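K.L.:
Position chain B against the provided structure of chain A, taking the given hints into account.
Protein chains: 2
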Amino acid sequence: MVYRIGVDIGGTKIAAGLLDDNLDFVAISSIPFMRVGGEAVSAAVAAQIRGLLAEAGIGEQALQSIGVAVPGSLDAQEAVVLDAHNLGFHGEPLRAQMQAHFPAIPVYLANDANAAALGELHKGAFVGCQTAALLTLGTGLGGGLILNGRMFNGGRGNGIEVGHTVLVDGGEPCTCGIHGCSEAYCSATALIREANRALRANPAGMLHKETGGDPARMTAKLAIDCAKAGDAAAKQVFDAYVGHLGSVVVSIIHMLDPEVIAIGGGVCRAGDFLFDPLREDVRAKCFFGSYAKICAAQLGNEAGIIGAAMLHYNKAR
Amino acid sequence: MVYRIGVDIGGTKIAAGLLDDNLDFVAISSIPFMRVGGEAVSAAVAAQIRGLLAEAGIGEQALQSIGVAVPGSLDAQEAVVLDAHNLGFHGEPLRAQMQAHFPAIPVYLANDANAAALGELHKGAFVGCQTAALLTLGTGLGGGLILNGRMFNGGRGNGIEVGHTVLVDGGEPCTCGIHGCSEAYCSATALIREANRALRANPAGMLHKETGGDPARMTAKLAIDCAKAGDAAAKQVFDAYVGHLGSVVVSIIHMLDPEVIAIGGGVCRAGDFLFDPLREDVRAKCFFGSYAKICAAQLGNEAGIIGAAMLHYNKAR
Chain A
12 MVYRIGVDIG
22 GTKIAAGLLD
32 DNLDFVAISS
42 IPFMRVGGEA
52 VSAAVAAQIR
62 GLLAEAGIGE
72 QALQSIGVAV
82 PGSLDAQEAV
92 VLDAHNLGFH
102 GEPLRAQMQA
112 HFPAIPVYLA
122 NDANAAALGE
132 LHKGAFVGCQ
142 TAALLTLGTG
152 LGGGLILNGR
162 MFNGGRGNGI
172 EVGHTVLVDG
182 GEPCTCGIHG
192 CSEAYCSATA
202 LIREANRALR
212 ANPAGMLHKE
222 TGGDPARMTA
232 KLAIDCAKAG
242 DAAAKQVFDA
252 YVGHLGSVVV
262 SIIHMLDPEV
272 IAIGGGVCRA
282 GDFLFDPLRE
292 DVRAKCFFGS
302 YAKICAAQLG
312 NEAGIIGAAM
322 LHYNKAR
Chain B
12 MVYRIGVDIG
22 GTKIAAGLLD
32 DNLDFVAISS
42 IPFMRVGGEA
52 VSAAVAAQIR
62 GLLAEAGIGE
72 QALQSIGVAV
82 PGSLDAQEAV
92 VLDAHNLGFH
102 GEPLRAQMQA
112 HFPAIPVYLA
122 NDANAAALGE
132 LHKGAFVGCQ
142 TAALLTLGTG
152 LGGGLILNGR
162 MFNGGRGNGI
172 EVGHTVLVDG
182 GEPCTCGIHG
192 CSEAYCSATA
202 LIREANRALR
212 ANPAGMLHKE
222 TGGDPARMTA
232 KLAIDCAKAG
242 DAAAKQVFDA
252 YVGHLGSVVV
262 SIIHMLDPEV
272 IAIGGGVCRA
282 GDFLFDPLRE
292 DVRAKCFFGS
302 YAKICAAQLG
312 NEAGIIGAAM
322 LHYNKAR
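Each protein sequence line maps, in turn, to chains A and B. Counting from 12, one number per residue, gives the positions in the first sequence under the working numbering. Counting from 12, one number per residue, gives the positions in the second sequence under the working numbering.
Just so you know, these hints were derived from the structure itself, not from any lab. Predicted, not measured: the structure shown is a model, and the values here were computed from it. For each residue, glycine too, the CB sits at the ideal point set by N, CA and C. Wrong hints could be hidden among the right ones.
Said to hold, decoys possible - Here are a few chain A residues that face chain B, going by a calculated C-beta distance under 8 Å:
#, residue
1, 177
2, 179
3, 265
4, 269
5, 270
Said to hold, decoys possible - Covered, in the sense of this in silico footprint (three residues per stretch, anywhere, with C-beta under 8 Å from a C-beta of chain B), are these stretches of chain A:
#, stretch
6, 213-226
7, 239-250
Same shape as in the complex, but just chain A (with noise of 0.2 Å):
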């Protein structure tokens, strides 16, 4: 039997797993991130990981890889950190950190996005995908391309930006910089950003009292809540978001026509009242006369973390 850990490093906490040959768990951990720079992080998390194997009674020689997720850009090499600002690293070596603590199996990092597609690929939504994408829709737009039948890291190793394709040339701000960005029309943010612009708009209205008519207390959860209750002025901004992200979906589409899409993060836990008029959507707009499976992501927070111990097999193949 052969074992492999999969570590998510997030900005506020840090999940490893230790999977077997099915990519079931063996064991699994959780343990708070501390913004204490990579070497700091990396001992903590080498720690993580003897403790998982103590738990299972599992020895390091068993081990075949680890791999390790980030929210962030790295080098071409996949080596160095280059950019997480939730992690305030910033150029980090943390395969380099994480291979000392390891000398003799081989680490790998990647990009958190990528890794759920990956993930994804393994044991989930994408499994006998040659060509797949991922949409993760929380704070910002995130997403993974299977392509190949393998992860895809961009052709120049800059990773994938699906948030900052363009969707309203010269529309909304977006954090990036760029205006009209498909993060600033189908990210929760966004779907807040409109349902207050709603709030303010109806002070009669649902999303007004749910919330008190404080903004700051706006979810996407309530917006969604709020339409699905028939709230006139929260359908309307529903609507508008599910036509959005139809038309990321349909340029994807008519880019890669990929096998499946697959769609996560939190706003995904509308089910039907989302994924129904969001295929109409695409029905509607698509090119083809028969395209990809548009399907809620399978693995949810554990994606990221399966993802990473199948960074070995993604190489080497």
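P.N.:
Frame of chain A, contents of chain B only:
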């Protein structure tokens, strides 16, 4: 020496070339295209090919393959032309029709924009690339992708419709029925539309003078020439056009991070007047510190022929 035939069937003419191992033309010819159906067109192309062989004094047995590029969509087996509106081909089994004339020689079909990208890969702007994108600015906005060092025909075989990715969601109506496609902003047709709006709004301007006030006389070249000559309204139209094209280029960079993005089609004849501000626009909008080389396509009208000639190689590898 191995020889290959490449044929590029267009709405007005059929161009065919006999190429040697170095992808140099041994013979080339052009015949008018007539809307007489796939059987008769195949017979005409077969005669054209035999003419090339006779001219070069080369026997059929020296041919490695015959490739045919068409301006339309193919089925997933790349055997039937599903829709090529400019040819009047709908469900035309062109591969079998061609194969009947050359039973011993492998025949391949491809979309013409895909074939052009393959041509650029083997003899043009994409030589040595693993990931590259071709945009063709003409009546529409065409495109072809190189992924993993090969021509990419879509993950499900539907091909690529870069022109129908969404650029201004809900914006200008596109011929496809969607509002706001890239094609509706970046094709030569879109440039002409905007120039005619400026013509009507500025009866004293250069656009009005040069066309005699007749929108039917507007061309992309005329609009560009007026912008070059310093006409304020024409310059404004051209600047907006370049900005939109820059956003399309940035979206491709953020989605695929290609090594090269080449731009072809009539609008490119503007040269540095197009490419200088385009590169500046991309630089301002791009997320990555280093990104794709942006350049003119190199093969012009011969790209389709050369790509078609290389379809066998693209498959066989």
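K.L.:
If a hint holds in the structure, say so; if it does not, say that too.
P.N.:
Structure-based check of each hint:
1. 177: holds, 4 Å
2. 179: Holds - the Cβ of residue 179(A) comes within 8 Å of chain B, reaching about 5 Å at its closest.
3. 265: holds, 4 Å
4. 269: At about 5 Å, which falls below the 8 Å cut-off, the nearest Cβ of chain B leaves the hint on residue 269(A) intact, so it holds.
5. 270: holds, 5 Å
6. 213-226: Result for this restraint: violated, n = 0.
7. 239-250: Answer violated; 0 residues pass the 8 Å Cβ test.
Of the numbered hints stated above, those contradicted by the structure are hints 6, 7, listed in ascending order.
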